[in-house]
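Student: Given the sequences, and given the hints that come with them, work out the whole structure.
There are 2 protein chains.
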Amino acid sequence: MKKLKRSLRLVEMTQTLLQHPHSLISLTSFAERYQSAKSSISEDLAMIRDMFEESGLGDLQTYAGAAGGVKYIPKVPRSASLSFIKSICGQLEKQERILPGGFLYMSDLLGQPALLNELGKIFATAFANLEVDVVMTVETKGIPLAYATATYLNLPVVIVRRDNKVTEGSAVSINYVSGSSKRIQTMSLSRRALKEQSRVLIVDDYMRVGGTVRGMMDLLQEFRATVRGVGVFMESAEVADHLVDDYISLARVSGIETGRASVGLGNYFDKIG
Amino acid sequence: MKKLKRSLRLVEMTQTLLQHPHSLISLTSFAERYQSAKSSISEDLAMIRDMFEESGLGDLQTYAGAAGGVKYIPKVPRSASLSFIKSICGQLEKQERILPGGFLYMSDLLGQPALLNELGKIFATAFANLEVDVVMTVETKGIPLAYATATYLNLPVVIVRRDNKVTEGSAVSINYVSGSSKRIQTMSLSRRALKEQSRVLIVDDYMRVGGTVRGMMDLLQEFRATVRGVGVFMESAEVADHLVDDYISLARVSGIETGRASVGLGNYFDKIG
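The listed protein sequences correspond, in order, to chains A and B.
In terms of the numbering used here, the first sequence opens at residue 129 and continues consecutively.
In terms of the numbering used here, the second sequence opens at residue 129 and continues consecutively.
Hints may contain errors.
It does not matter which identical chain is meant; a pair holds if it fits inside one copy or across any two.
Claimed, not checked - Below 25 Å or equal to it, Euclidean Cα-Cα: the simulated DSS-like pairs (lysine-lysine) are:
1. K323 / K222
2. K222 / K293
3. K166 / K199
4. K323 / K293
5. K166 / K133
6. K399 / K214
In short, the hints are calculated from the structure, not lab data.
Tutor: Quick look at the structure:
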């Protein structure tokens, strides 16, 4: 690559970092790419770090030594995530969203990639320090949220199926009791999809009693895998006893049954103080 | 916002543009944000445009006049998409991927967000000039690809369900004949999910005969919506008569039945010459 003016080099380094979150990029590779001294690259990175911090994009972490380099850790500041989730809560409280059977219609919001990406970045902030190998969810509505989170954490996604699909090869199935309907349901995961002893982050769009998340945890035992974290976008506030103890929720809904839903902040905002 | 040095302004403008593809950003908003003359902002954008072009990120289109501004159009150059898809084809040809029943195991690859994002960007390149309101797919495996495509096109996503979910409210269901298994199947879409007369881009992971895509087209008639484009990641080369005429595929597989899959380029690469 031909030698670039500093400003252009900064533009290109910025986009490289943004597109490779949680990935270690060596200073040497930057220095070679731009035919510049490592000291100049370090100065550039310091400028980019300041800019990222000021714009609320996240941290640039530098690692010294031969295997060293720089890593972009996407982080949403508390104030930004707070105002973002509050605006979503406002949109979700509209009465026409309440469906027969006590459900809240959210598919229009969860159909907006920009919104999903922001939610994914908030989960990536919450779980930035967790050592995890894979993000897992169950079809259908948790899938985009899981991918958005995994994008910012630079992790693969594994999808648990409600049925046993022939296109997935041999699979492990379990039965579990849905917490809400008390009906027995099945979920299955392809043997190929998950390495034994993987460390898993579970992400889903909605949790009432937690039967589905509990089911995923049981399923993971068959793979001798461990759950390191659970993140749900929305939880129901009507449930006193969850089947899952340790989880993060971004929003919390109550009053659906009465026809007047009230949507507030989830426990994530208690945890980050 | 305090006045920034030019290089920092470039870094911030770069990330703003990258994060808002296919969105018109007015020069005035940049000028006000950075307390700079529009002429300086125009110079900055010219530099960023050159960089985006050189790095194969896409175009910056500028629109003159009072309602004018700048729009980032993500585009993957032909050479980059060609070598990317070729490398995926190589990975997909491994014999252990062939599953009983004549399926190719692809879930590991489609579980990698970075790969999905690249595929989405290629579809966004192919359909950059299409006037579309929404990206549509059917659960389950097409979902991440649809979101990746929609992210780069700045469009919402609508998901067709295989069953009729109570959490989606009243829905329109149709029966269709699966092209491969010749069985009657059902798909449904919530009334709330799609405005009448929407212009739709259909995205899916795999197409054999095209029965599922054909089913989505029939379903869309119930919404008086029109299909403007169809993109599938992989098509089967074993089928002479597709139920869908006009579509783009990125890869094409043959020989699964014989136990030796051969995976080559899809028709997209014929179309772009």
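Student: Flag every earlier hint the structure violates by its number, smallest first.
Tutor: none
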